[in-house]
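Protein chains: 2
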Amino acid sequence: MRVQKFAVSDAAFERSPGQTGDIFAGNVVDQRHGAPVTIGFGRYGKNQTLEETMTVDDVMVVLEGRLSVSSKAGTVSAGPGEIIHMPKGETVTIRSHEEGAVTAYVTYPHWQEARAD
Amino acid sequence: MRVQKFAVSDAAFERSPGQTGDIFAGNVVDQRHGAPVTIGFGRYGKNQTLEETMTVDDVMVVLEGRLSVSSKAGTVSAGPGEIIHMPKGETVTIRSHEEGAVTAYVTYPHWQEARAD
Numbered sequence: 001m002r003v004q005k006f007a008v009s010d011a012a013f014e015r016s017p018g019q020t021g022d023i024f025a026g027n028v029v030d031q032r033h034g035a036p037v038t039i040g041f042g043r044y045g046k047n048q049t050l051e052e053t054m055t056v057d058d059v060m061v062v063l064e065g066r067l068s069v070s071s072k073a074g075t076v077s078a079g080p081g082e083i084i085h086m087p088k089g090e091t092v093t094i095r096s097h098e099e100g101a102v103t104a105y106v107t108y109p110h111w112q113e114a115r116a117d
Numbered sequence: 001m002r003v004q005k006f007a008v009s010d011a012a013f014e015r016s017p018g019q020t021g022d023i024f025a026g027n028v029v030d031q032r033h034g035a036p037v038t039i040g041f042g043r044y045g046k047n048q049t050l051e052e053t054m055t056v057d058d059v060m061v062v063l064e065g066r067l068s069v070s071s072k073a074g075t076v077s078a079g080p081g082e083i084i085h086m087p088k089g090e091t092v093t094i095r096s097h098e099e100g101a102v103t104a105y106v107t108y109p110h111w112q113e114a115r116a117d
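Chains as they are written, first to last, in UniProt numbering: chain X, 1 to 117; chain G, 1 to 117.
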């Protein structure tokens with residue numbers, strides 16, 4: 001692999017699997033490219049909810065808007081420039097608010113492969 | 001581990017090893033915490049230069065300012081909301097510019113352990 005730069009405009013957004021809401025993910029690096037991590041951008045419409053049990057460690061950096069994540073540890077909320085780490089095995093409910101949200105994410109290992117297992 | 005949220009104010013910044021410039025890194029999750037990735041924030045003063053050969057895959061999300069990264073593939077430049085992926089094994093020169101930069105980063109595996117090997 002080589003050093004690469006990515007902008008949100010490089011992401012081909014697809015609806016997150018298993019949900020029908022206005023939540024989209026677009027990988028820019030994943031299992032097709034030979035790196036150990038998946039890198040991508042996420043886009044959340046306003047007032048969306050996504051519940052899942054993490055099959056990978058997922059690190060989200062909020063770029064725009066705000067996300068709240070509820071888990072057994074309580075609820076955390078992050079705005080621009082803040083990070084939420086969702087460890088593998090945790091059951092989480094991710095919520096966007098009135099302004100929606102845009103995120104950058106890194107997962108280890110590749111989330112699409114982990115979901116397919 | 002539990003779900004956690006981090007802001008740049010949570011990072012205890014230390015000068016990056018092997019350099020004497022105005023470049024600091026502050027891990028918020030690393031080998032002490034049981035996750036497979038290191039998560040942190042970086043801070044670059046203006047017009048700084050850091051050259052290194054990557055011992056890990058490093059994903060930087062630029063939060064403020066701008067960074068340029070030169071490698072055998074050429075030079076890429078990223079501003080707020082953009083990502084630079086520096087794969088393991090690449091030799092890179094990271095440059096900040098007049099406005100400095102703040103980043104969020106994720107490395108796999110843990111960069112402090114990889115440097116100690």
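One or more hints might be untrue.
Facing chain G, from chain X, some residues (calculated, C-beta under 10 Å) [claimed, not checked]:
1) A12
2) V28
3) Q31
4) G34
5) L50
6) S70
7) V92
It is worth saying that the hints were derived from the structure and are not from the lab. Built from N, CA and C at the ideal position, the CB exists for glycine as well.
Against the structure, the hints come out as follows:
1. A12: 15 Å, violated
2. V28: Status holds, d = 7 Å.
3. Q31: 14 Å, violated
4. G34: 8 Å, holds
5. L50: 14 Å, violated
6. S70: Holds, because the Cβ-Cβ distance from S70 of chain X to chain G comes to roughly 8 Å (cut-off 10 Å).
7. V92: With a minimum Cβ separation of about 6 Å from chain G (threshold 10 Å), the hint on V92 of chain X holds.
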